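Engineer: All chains, full assembly: derive it from the sequences and hints.
Position 13, counted from 1, in the sequence shown is what the working numbering calls 13; the numbers after and before it change by one each time, with no gaps.
Since the hints were derived computationally from the structure, they do not count as laboratory data. There could be a bad hint or two in this list.
[Stated by the list, open to error] Across the chosen pairs, the derived CB separations fall in these ranges:
#, residue 1, residue 2, range
1, SER72, VAL26, 17 to 23 Å
2, LEU37, ALA13, 34 to 40 Å
3, LEU4, GLU42, 54 to 60 Å
4, LEU10, GLN75, 35 to 41 Å
Being a predicted model, the structure only gives us computed values, none of them experimental. Note that beta-carbon positions come from the ideal geometry of N, C-alpha and C, so glycine has one too.
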Amino acid sequence: MKNLIAELLLKLAAKEEESKELTAQVEALEIVVTAMLRKMEESQRLELNAGIEVAMRKAAEDAATSTQEDASLLQGYIQRLLTYPRY
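Structural biologist: Structure representation (structure tokens):
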């Protein structure tokens with residue numbers, strides 16, 4: 001029983017480390033995208049936003065496995081990133 005608990009704790013620690021790495025990757029990408037967005041003209045940002053909206057609609061139509069809640073969450077985050085890039 002102790003071995004099982006120890007093994008589960010090791011797996012949990014590995015998952016937590018993976019989660020930290022993914023979080024760092026996402027935050028790094030957000031910083032890079034934000035820096036790029038700040039360099040763009042307003043018309044370019046609007047064009048990019050429109051292109052992303054088209055791609056999101058197409059992806060939602062094509063993906064039968066994604067839920068509406070997941071798509072809404074993703075769309076909201078994309079809009080927040082494009083509209084209010086963090087500094």
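Engineer: For every hint, state whether the structure bears it out.
Structural biologist: Hint-by-hint comparison with the structure:
| no. | hint | in the structure |
| --- | --- | --- |
| 1 | SER72 <-> VAL26: 17 to 23 Å | holds, 18 Å |
| 2 | LEU37 <-> ALA13: 34 to 40 Å | holds, 36 Å |
| 3 | LEU4 <-> GLU42: 54 to 60 Å | holds, 58 Å |
| 4 | LEU10 <-> GLN75: 35 to 41 Å | holds, 37 Å |
Consistency note: the structure conflicts with none of the earlier hints.
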